[in-house]
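Visitor: Whole structure, please, built from the sequences with the hints as guidance.
One letter stands for each residue in the lines below.
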Amino acid sequence: MARIELQNITKRYGGTRALKDLSLTVEDGEFFVLLGRTGAGKTTTLRVVAGLEKPDEGRVFIGDSDVTSWTAAERDVALVLQQYSLYPRLTVRGNLEFPLRPKVRNMNEDEIRRRVDRAAKTLQITHLLDRKVERLSGGEMQRVSIGRAIVRDPRVFLMDEPLSALDAKLREALRVELKKLHQDLGATFLFVTHDQVEAMSMGDKIGVLRSGRLVQVGTPSEIYERPHNTFVARSVGTPPMNLIEGRLDGESARLGSFVLPVSSPANSEQKVTFGVRPENIVIQSGAPAEARVFDIEDQGVIKILALDMGDTRLHATVPAGTHVNRDEVVRFGWKPERVLSFDPETGRNLAL
Amino acid sequence: MTDVMTRLEPGSRAASRGFSDLTIRNLFIIPTIAFLIIFNVFPLLYSLWTSFTDFRASTTAPANWVGLANYRELLNDPFIWRNFTITAKYVLISVTGQVVVGFGLAMLLNRQIPFKGLITTLLLLPMMLSMAVVGLFWKLLYDPSFGIINYFLGLGKFEWLADPQVALYAVALVDIWMWSPFVMLLSLAGLSAVPKHLYEAAEIDRAGPFYTFFRITLPLVAPILMIAIIFRTMEAFKTFDHAYILSSQPTTELIAIRLYKMAFLEWQTGLSSAFAYIVLIMVVAITNIYVKYLNKAKAR
Numbered sequence: 299m300a301r302i303e304l305q306n307i308t309k310r311y312g313g314t315r316a317l318k319d320l321s322l323t324v325e326d327g328e329f330f331v332l333l334g335r336t337g338a339g340k341t342t343t344l345r346v347v348a349g350l351e352k353p354d355e356g357r358v359f360i361g362d363s364d365v366t367s368w369t370a371a372e373r374d375v376a377l378v379l380q381q382y383s384l385y386p387r388l389t390v391r392g393n394l395e396f397p398l399r400p401k402v403r404n405m406n407e408d409e410i411r412r413r414v415d416r417a418a419k420t421l422q423i424t425h426l427l428d429r430k431v432e433r434l435s436g437g438e439m440q441r442v443s444i445g446r447a448i449v450r451d452p453r454v455f456l457m458d459e460p461l462s463a464l465d466a467k468l469r470e471a472l473r474v475e476l477k478k479l480h481q482d483l484g485a486t487f488l489f490v491t492h493d494q495v496e497a498m499s500m501g502d503k504i505g506v507l508r509s510g511r512l513v514q515v516g517t518p519s520e521i522y523e524r525p526h527n528t529f530v531a532r533s534v535g536t537p538p539m540n541l542i543e544g545r546l547d548g549e550s551a552r553l554g555s556f557v558l559p560v561s562s563p564a565n566s567e568q569k570v571t572f573g574v575r576p577e578n579i580v581i582q583s584g585a586p587a588e589a590r591v592f593d594i595e596d597q598g599v600i601k602i603l604a605l606d607m608g609d610t611r612l613h614a615t616v617p618a619g620t621h622v623n624r625d626e627v628v629r630f631g632w633k634p635e636r637v638l639s640f641d642p643e644t645g646r647n648l649a650l
Numbered sequence: 059m060t061d062v063m064t065r066l067e068p069g070s071r072a073a074s075r076g077f078s079d080l081t082i083r084n085l086f087i088i089p090t091i092a093f094l095i096i097f098n099v100f101p102l103l104y105s106l107w108t109s110f111t112d113f114r115a116s117t118t119a120p121a122n123w124v125g126l127a128n129y130r131e132l133l134n135d136p137f138i139w140r141n142f143t144i145t146a147k148y149v150l151i152s153v154t155g156q157v158v159v160g161f162g163l164a165m166l167l168n169r170q171i172p173f174k175g176l177i178t179t180l181l182l183l184p185m186m187l188s189m190a191v192v193g194l195f196w197k198l199l200y201d202p203s204f205g206i207i208n209y210f211l212g213l214g215k216f217e218w219l220a221d222p223q224v225a226l227y228a229v230a231l232v233d234i235w236m237w238s239p240f241v242m243l244l245s246l247a248g249l250s251a252v253p254k255h256l257y258e259a260a261e262i263d264r265a266g267p268f269y270t271f272f273r274i275t276l277p278l279v280a281p282i283l284m285i286a287i288i289f290r291t292m293e294a295f296k297t298f299d300h301a302y303i304l305s306s307q308p309t310t311e312l313i314a315i316r317l318y319k320m321a322f323l324e325w326q327t328g329l330s331s332a333f334a335y336i337v338l339i340m341v342v343a344i345t346n347i348y349v350k351y352l353n354k355a356k357a358r
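Chains as they are written, first to last, in my numbering: chain A, 299 to 650; chain B, 59 to 358.
Hints are computed from structural coordinates only; laboratory data are not their basis.
Think of the CB as a built atom: it goes at the ideal place given N, C-alpha and C, for glycine as much as any other residue.
Incorrect hints may have been included.
Unchecked claim - In the DSBU-like style, the derived pairs of lysine-lysine whose C-alpha atoms are separated by at most 35 Å in a straight line are: (1) B:Lys147 / B:Lys215; (2) A:Lys419 / B:Lys356; (3) A:Lys352 / B:Lys174; (4) A:Lys401 / B:Lys356; (5) A:Lys419 / B:Lys254; (6) B:Lys147 / B:Lys319.
Unchecked claim - Not everything, but these chain A residues come out facing chain B in the computed CB check (under 10 Å): (7) Gly349; (8) Gln381; (9) Ser383; (10) Lys401.
Stated by the list, open to error - Calculated Cβ distances over 10 Å to all of chain B for the following chain A residues: (11) Ile423; (12) Glu588; (13) Gly598; (14) Ala604; (15) Val628.
Guide: In structure tokens:
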């Protein structure tokens, strides 16, 4: 097992810098999720760790060794890709054996068989072992590709959006299985995704990437409760955090003509962007603010309301029993202790 | 589906002129059918008929039905079998050479190198030339007294084309030179279709270059390589132009050359038709074997 450390990594493709001075540590045995949009540099980071790309600047450590100049083969990491990358024309067994066969490993037949059978059992693909990989479903293929990673007992698992090509139900099932696999193996996982639900539900830690820079690293609840800036705030949560332009004046927030309480008073009056999660907006008669109901999305347990407060569109999640109608004017407030304030220019969280 | 595809736009010119869908379809198909019948189907059937007669195109004498006599004569002729042996040897050397050279070139070109496009184009040049022209200038290259090949290899007055032992190899070498680019082109298409992430996965899995080649590259390129082999075998089987120009040795008398002599020098039209049919059956048989392998390679 091993920790992964990236020190000041810069990677350029032609004129564009995919990674800018990126530093990152994944502790031994940690499930670390890199969250970011397309082009944020998630996959590049992963490929730098795997050794498929050489960084232009910076160093890569796996365990105690500086592996910057090592090839992918020497680093002994396992990589699971979105496209499965199964070896064609081989059976499932052939694919699982593939990483154990190379001469450098010098592994005997019994050991190979034992490891393949164990991996197949873990992933519940024993009945597929003699099938050609062309005849598998997407979920089965991804299991095989994960199996190919675990037969090797690698120090580090790297996963590049392994679940995003699967349908929703399967994705949820494999999410749980991967999490369990991580607990059983106790290995270090570096998992890349653009799906915030995946990141929140799987990661011990989440790193939010934006255009080649790491914006914030923290546990899922840290990322959710205390985002460093508005970008992170909007990256997690469905619907995302409401951002409302207003003024902070002593112990109250002024949103247009409405005045709402806040729990973090300011000494002087200043322009701020207030951030409040949809579940922290309360619909209540006699509440200080007013908005028109634009849309109602009934999700069974909760209802998601889209509210128009002047020109600002807000989202609120309310219990399903709440009775509201479209175009109705409702009164709402917020939970003052859950309101964040951001710098309207830089987007920085003012409390940090 | 077909209904939708063959229906004309109601307001179009063709519709307003009163062409029905069927007429339009026929306008496209009939010329092709007519061409095929006149130039392919009729000669095929006519030569099948002449193969059962003693017809000679050089005389006005009427053709007499001789039944299977032509076929019997040919199959009992030891010289004909010698032609077949020579051809088989030629096909084997030439196609093997083309696959080795062509696939090797494709492997070399299938990476990031400077001037890749230019190099590829230059390598493709031989196959764009006329076969007869190729035969003529290789005859000069092979020339024992002033040929550039002997000059560079320092072989003195080595007889490439007059030596009965060497001549067939010399002819096959020209074919390899000319048609390796064809195999290269198809292999290159096959190689570039192998997903890059498979190689990356193999690298991560610590597979060596040979292991990767035999487990990933070759199985994936095999079907398209097989198509190249089918094409080249059929073509090599009927090689005539450059072989005829290069050498007149009995050891280089391929079936196509024998056939040509039989038909147009000896004017044994009926006999040569029968010969052509025997060759046709053989080519079809060999191709079928290949196609079976191809389907197997695809199914795997």
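Visitor: Would you mind marking each hint as holding or not holding in the structure?
Guide: The hints, checked one at a time:
1. B:Lys147 / B:Lys215: Roughly 26 Å separates the two Cα atoms, so the pair holds.
2. A:Lys419 / B:Lys356: Within the cut-off at roughly 31 Å; holds.
3. A:Lys352 / B:Lys174: With a Cα-Cα distance of about 24 Å, the restraint between A:Lys352 and B:Lys174 holds, given a limit of 35 Å.
4. A:Lys401 / B:Lys356: Holds, at about 29 Å.
5. A:Lys419 / B:Lys254: The given pair, whose Cα atoms are some 30 Å apart, holds under the 35 Å limit.
6. B:Lys147 / B:Lys319: holds, 21 Å
7. Gly349: With Cβ-Cβ at 8 Å, under 10 Å, it holds.
8. Gln381: Interface hint status for A:Gln381: holds (6 Å vs cutoff 10 Å).
9. Ser383: holds, 4 Å
10. Lys401: holds, 7 Å
11. Ile423: About 18 Å separates A:Ile423 from the closest Cβ of chain B, which puts it past 10 Å; holds.
12. Glu588: holds, 55 Å
13. Gly598: Per Cβ check, A:Gly598 is outside 10 Å of chain B; nearest 40 Å; holds.
14. Ala604: It holds; A:Ala604 is separated from chain B by about 41 Å at its closest Cβ, greater than 10 Å.
15. Val628: Since the minimum Cβ distance to chain B is about 52 Å, A:Val628 lies beyond 10 Å and the statement holds.
Violated hints: none; the structure is consistent with every hint.
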